[in-house]
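Asker: As they're listed, the protein sequences go chains Y and Z.
Per my numbering, the very first residue in the first sequence carries number 149; after that it's consecutive.
Per my numbering, the very first residue in the second sequence carries number 149; after that it's consecutive.
Since the hints were derived computationally from the structure, they do not count as laboratory data.
Be aware that one or more of the hints could be misleading.
Which copy? The list can't say, so a pair holds if one copy fits it or any two copies do.
[Said to hold, decoys possible] Think about it this way: if two alpha-carbon atoms lie no more than 25 angstroms apart in a straight line, the pair counts; the simulated DSS-like pairs of lysine-lysine are:
hint : residue 1 : residue 2
1    : Lys988    : Lys967
2    : Lys873    : Lys974
3    : Lys636    : Lys318
4    : Lys578    : Lys814
2 protein chains.
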Amino acid sequence: MVKYVYSFGAGNADGDASMKSLLGGKGANLAEMNKIGLPVPPGFTITTEVCTAFYELGRTYPAALAAQLDEAMAKIGETVGKQFGDANNPLLVSVRSGARASMPGMMDTVLNLGLNDVTVEGLAKLSGNRRFAFDSYRRFIQMYSNVVLDLGHHLFEDILESYKEVNDFKEDTELEASDWEEIVGKYKSAVEYETESPFPQNVNDQLWGAIGAVFKSWMNNRAIFYRKMHDIPESWGTAVNIQAMVFGNMGETSATGVAFTRNPSTGEKLFYGEYLINAQGEDVVAGIRTPKSITKAQHALMREDGQSLEEALPQVYAQLHDCYLKLENHYRDMQDIEFTAENGQLWMLQTRGGKRTAKAALKIAVDMVAEGMISTCEAVSRIDASALDQLLHPTIKASYARDILTKGLPASPGAAVGEVIFSSDEAEEKAAHGHSVILIREETSPEDIHGMHAAKAIVTSRGGMTSHAAVVARGMGRPCVSGAGEIKIDEVLGQFIVRGRVIKKGEIISVDGSAGEVLFGAADLEQPELSGDFGTLMAWADDVRRMKVRANAETPLDAKTARDFGAEGIGLCRTEHMFFDASRIAAVREMILSETKAGREHALEKILPMQRQDFVELFTIMAGLPVTIRLLDPPLHEFLPHSEEDVAAVAAATGLNAKKLLERAKELHEFNPMLGHRGCRLGISFPEIYDMQARAIFEAAIEVAKNLGKAPIPEIMVPLVATRKELAILKARIDEIGKTVMTKAGVNILYLVGTMIELPRAAICADEIAEVAEFFSFGTNDLTQTTLGISRDDASRFMGDYLSQGIFERDPFVTLDQKGVGELVKIAATRGRAARAGIKLGICGEHGGDPASIEFCESVGLDYVSCSPYRVPIARLAAAQAALKSSLG
Amino acid sequence: MVKYVYSFGAGNADGDASMKSLLGGKGANLAEMNKIGLPVPPGFTITTEVCTAFYELGRTYPAALAAQLDEAMAKIGETVGKQFGDANNPLLVSVRSGARASMPGMMDTVLNLGLNDVTVEGLAKLSGNRRFAFDSYRRFIQMYSNVVLDLGHHLFEDILESYKEVNDFKEDTELEASDWEEIVGKYKSAVEYETESPFPQNVNDQLWGAIGAVFKSWMNNRAIFYRKMHDIPESWGTAVNIQAMVFGNMGETSATGVAFTRNPSTGEKLFYGEYLINAQGEDVVAGIRTPKSITKAQHALMREDGQSLEEALPQVYAQLHDCYLKLENHYRDMQDIEFTAENGQLWMLQTRGGKRTAKAALKIAVDMVAEGMISTCEAVSRIDASALDQLLHPTIKASYARDILTKGLPASPGAAVGEVIFSSDEAEEKAAHGHSVILIREETSPEDIHGMHAAKAIVTSRGGMTSHAAVVARGMGRPCVSGAGEIKIDEVLGQFIVRGRVIKKGEIISVDGSAGEVLFGAADLEQPELSGDFGTLMAWADDVRRMKVRANAETPLDAKTARDFGAEGIGLCRTEHMFFDASRIAAVREMILSETKAGREHALEKILPMQRQDFVELFTIMAGLPVTIRLLDPPLHEFLPHSEEDVAAVAAATGLNAKKLLERAKELHEFNPMLGHRGCRLGISFPEIYDMQARAIFEAAIEVAKNLGKAPIPEIMVPLVATRKELAILKARIDEIGKTVMTKAGVNILYLVGTMIELPRAAICADEIAEVAEFFSFGTNDLTQTTLGISRDDASRFMGDYLSQGIFERDPFVTLDQKGVGELVKIAATRGRAARAGIKLGICGEHGGDPASIEFCESVGLDYVSCSPYRVPIARLAAAQAALKSSLG
């Protein structure tokens, strides 16, 4: 029989940390913590296989589940000496989701399950704390009603607020047992009114309801959106964790908190976290009360009022300190932990690898190598390559005179400038129209994910460093200031007030997430200095990396940036960008309007010196390194104005004939320009264009070789080749021009002529093409378009449907479609090498900067990847990780 | 050492008829005729390998050629007892091209080579005919100057005309030896003036000049155009044939002619040909003098003046009769022969398989089986499947009252209606703009090929049944009337006059190529009855055919036509054609404008009964046969009007909101609609559309099954699938609807759900897709577009360059690109079968009607091909031929 339920408790566990696929991250680590002797409330995990079965069986359960569940519940009862549903000695449990990958805030949780009108009295007697019992019951009703019965929180909040108003209470702490009892009655009436059914009193119904809600929440919109954003396959499913309740809300020696074993923002080796006395777990994360620091040192640093946990409950702190050291030593990584203290006894509720900023990740990895905890290869493997992107976010220039509106918590580093927006929907809409927006909220919830994603930065007036806003913003790499309590938002008036200043929606502010500052106006931003840890780790990465990393760059600025980031050459210089330059477009248009070869040549002669100068600049920056130059690629109509207004403007500015311009634009119109008269087809029809470009390349290379004594290595790339003969014809011309230019200059330089593999036919006929081509560069953007038959420009109409229905697990324009496009890349690599041993192979599509795609490139044995300059560090690291992975197996 | 030169003569030959690739058709057959004892002037063939080398070596020759050439020339001299360049006994030779495939009029010929100011005197003495010698010399100068020195014929014609005018001569025959001698002097002066160099007197220079001209002519525009039109690869090259001259212009017992062993127009078993007394070979083909019939019977039938060859030179006729019978028995096929009689002695200059109309091809093949000459399989193999198309040309209805302008020769069968046009360039231009044109010329030359191709029919006022116009028109399947001598063309006035009637350019006339009639006005045309020979041959073809042949059809008329032509089902019914119907487009547009699923469903409910009725009609015609129905494929914007005028018209006509129409059209605009939101992507986004179509199909099939007691076999085809999951999602819905409809009706019918393989990814992932798909139909139109990255609608801008530069040997949208697209088809077939044994495989792109592509389909083992109804007979025959070829090896 399939084992659906894995128990743990009292130092034993059916599972362990290696079983994340089956038990989810939380479940696997609860089992592991049991095994290493940490205090964990006993419980069990229902496997992710049940989730998969649940959906396959039309939202019903495998038959064998019920018996296993009963047995596991009984086992908890035995361990804690209570019984589920017992009137006098009731067992209460928590029900939590737990997927393979951490999905904070996405899945729902129910605490205090097992309370009803009878057991609440038992709990009151047992605890000797009637107020605690009814506070727990009202929390349970609200949470259960929200998660399982789909009722809004506001229903319960309104009841509580109005009760407090009528009775003149300010704070929840002022309410006594009888107050909560009365509120529980009101809550139950409200549920019955809304659902036309009383609040469930049968504890087994409660249990099954909560389990079902967890599984159903796997397919709610927030979860789907989060998975899409984090590339988590739908097929993984979630597990359900059920544990005996421990209560942080049992009085002044009870508490709950979350902590990181090192600082998740900076990586510093300091125990770091927050807690609340007399509270339940969700209170900290939800950001409803602002928590205090755990350590005395941190408490002092943050200038908080009240006491740190270290001071308030020193015994609990001692247990916690012991646990965190054990955890870090055991897991050999920074941990993110949740705990609860019940009457002075510490209980560990969760541990997991802590999310961290890229900067922290680097520091922690480098520190742990220094501490002898991990090897340099492990350090390299540990960094999420994509997350390095965060390090490249701008910061505010030191010279900028800051007009500080307010300060909050430095919840996520980086700086941004944008318009003030108060709603996530509006943020998304504005961003879609090209606006930079800053999202300002009292607090955020999973419903705000899309708005946070759309925003350049997030500011909240409530919540701490581990609030929803802070955690999610760090994950997204968005600057965030949380808990900026001076900000008073008035959504109705569309403004916020801070220290008496009124800031209207749409006004420009700046956010410094590293300093926790919100500034008035548009700050001057600059790129960050990369830390020493960055350099250390990149050096380790470069040591193990096999593939070279180049950049896609055409301007001197891009090329310079790329080289600074460690690019080992240019993998794609798109020459058409040079043609669009304002100083040249007139000559380009003159060429396009020419009806004769002679006319075109005349116009091209004007472009030649400018094009040569472009290459001189690039080659100077890249002296001694390979520079792949793609000859003109886009269809000619892209260089012409199209609307009558644009045509008139161009005609007036250039003296070209407006009618002729318009006619020519119409004449060149294409139904499917992506599949039209472009790439090497232009070279075949108008050989004089490529002739000019080849001449400019050779002349520039020779000039740089003479000036610097160090020649660049031009790799002349012919785009959109489908047949051997296209390349043969064009290569013959290029070689001829090279010979002429070099003979005239009396200088010989090394160069290669090759092609992009960006059409399925080119991949399939790579053997023939490799007879002529000296290198291949996989143009996976176009190869994806043609292989899948999807126009990237038009895909948005259905890509959402395709991702949500799981037709594509990931957007194939972001991560290479390995089964389809990847297979063609493999075929081309194999056939190309068979025809020309050691042919140089690279990739220059946007996939060249995507870690998953880079891993694929390593597996195919490409020689290099090329990506945008800012992704070069990511590619260097991802290539190193891919090499390590491939060496392992 | 490579053998570049193959000699023949006096009953011996180095080569034979099997060596056409190396020796060209003419050379191989000259060798073969020698071997079977026919009288052939001795000579030799320079191989096609020399032509290839000539271009590879930058228009120079392999070093070893010269010595082999000298030796072969000496050998001719020995055989005929003359010497090349000898003053007293000069050997004269002809130099002719001869490619592997016959290319009439494409390549150039030089006769009488070896004449100069010295040898002409020797020839005069030797022949005792000074007039003949100088007539031959002036012919040589003109021909050589035209072909080798690139001077126009008019230069020489003007000199001759003005000489005749000054001396008051009417006919060439009136000129005497001294006249020709004087003209030779004028010709030489003219050459020297034009080329700034005297006419070459060195006979070896002459020889190398002529050989070079033949090789160069392989790459002239006419040859390139002809190859393109006839799918002849450039790589084949041409051979050069050099033979001792024999003279048909040596007097009244000399003659020259061409003949067919059977009638090339009807196929009747009658010796058939034309000759001219005292003329050289090119005179007949060029159509300058109108020749007479060879046989007495034919002469009488044609009511010619003068005498037939049978009467005029009975001894020559007897030799010829003997030769033609030997040739037909030897080659077992109808032959096209050229001969010359010199002083009563017959010499065979050429034999080759005779070009024939499709009708003649059928009759000859069927007759030869009856004569016991060939087997039925040979008969099937012999017919050019593409040429069957000719049989499907319209004829003029018997009931039509003909207003006959004039009669000429019935040079190529079929009938056509069009505007009178006098120039080939104008014909091409008008045709490109959709006009039907009839090309009227005095005579045609290879320069007119593009105009003839563009025209619906050709009429010439001069020339016979074997004139250029006649031969080419038959090859192209264009109706042609030749030698319509009553027509007087006045190009300047843009008109022709016939029997006093003036017909202006642009007026409509009709041509009956079978009757040789030119009619005023637009005749009523009808499809021809297919002859009994057609049925006989198709039955033989069907006996050996393995693949089924289906038709692409969506209207009842098309389906009926297809079934009449022998289609065994429908391979592609495009349902969008039904949506465009005027009576439905309003509901379709209403659906597209709906913003909700409910709104779309409401509109679809209106379409359902109409769509169902479409299928009822198709299924009734195809009862018992498979019908593949493709669900909606094009992007929705194709159904909307786009310009503001169209939108206004549609809005007025339908009551739909104009502004909304325009907005929706703009909203749906795509950059690359070919790669956009179409095919199954519509089915994923708007499942209700495919639901309606599936319902219509099932309901219609059940209705027909009930009505006829014979159910159709619907094969429901999901287009543009790239992934297994797309098909899985849609198939589940279709199956569900099928189940519902069948349960309700209480009837079960067989059906299949499958997909088009039209994207490279689908081909590559065919194994996964075949887990779901019950059949594959290769949509090679779109597969070609995506694999090659070429938009068919935009390809015309560069396809010409690509064909002329040999990048594509054939247009890949006409004949399947086997190396690229074909490889994907193979991969898909192999992987598809591996995943689902016996999965049904077919092709429904336009390649399904192209014989070369059908041969490929046989080699991959497809189950059927599907093509347009009128190409079904072609596909049946081509499939049979492919099966025969594949059974041979």
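Asker: Taking the hints in turn, state whether each one holds.
Answerer: Structure-based check of all given hints:
no. : hint            : result
1   : Lys988 / Lys967 : both (23 angstroms within a copy, 24 angstroms between copies)
2   : Lys873 / Lys974 : both (22 angstroms within a copy, 23 angstroms between copies)
3   : Lys636 / Lys318 : within (19 angstroms within a copy, 113 angstroms between copies)
4   : Lys578 / Lys814 : between (34 angstroms within a copy, 21 angstroms between copies)
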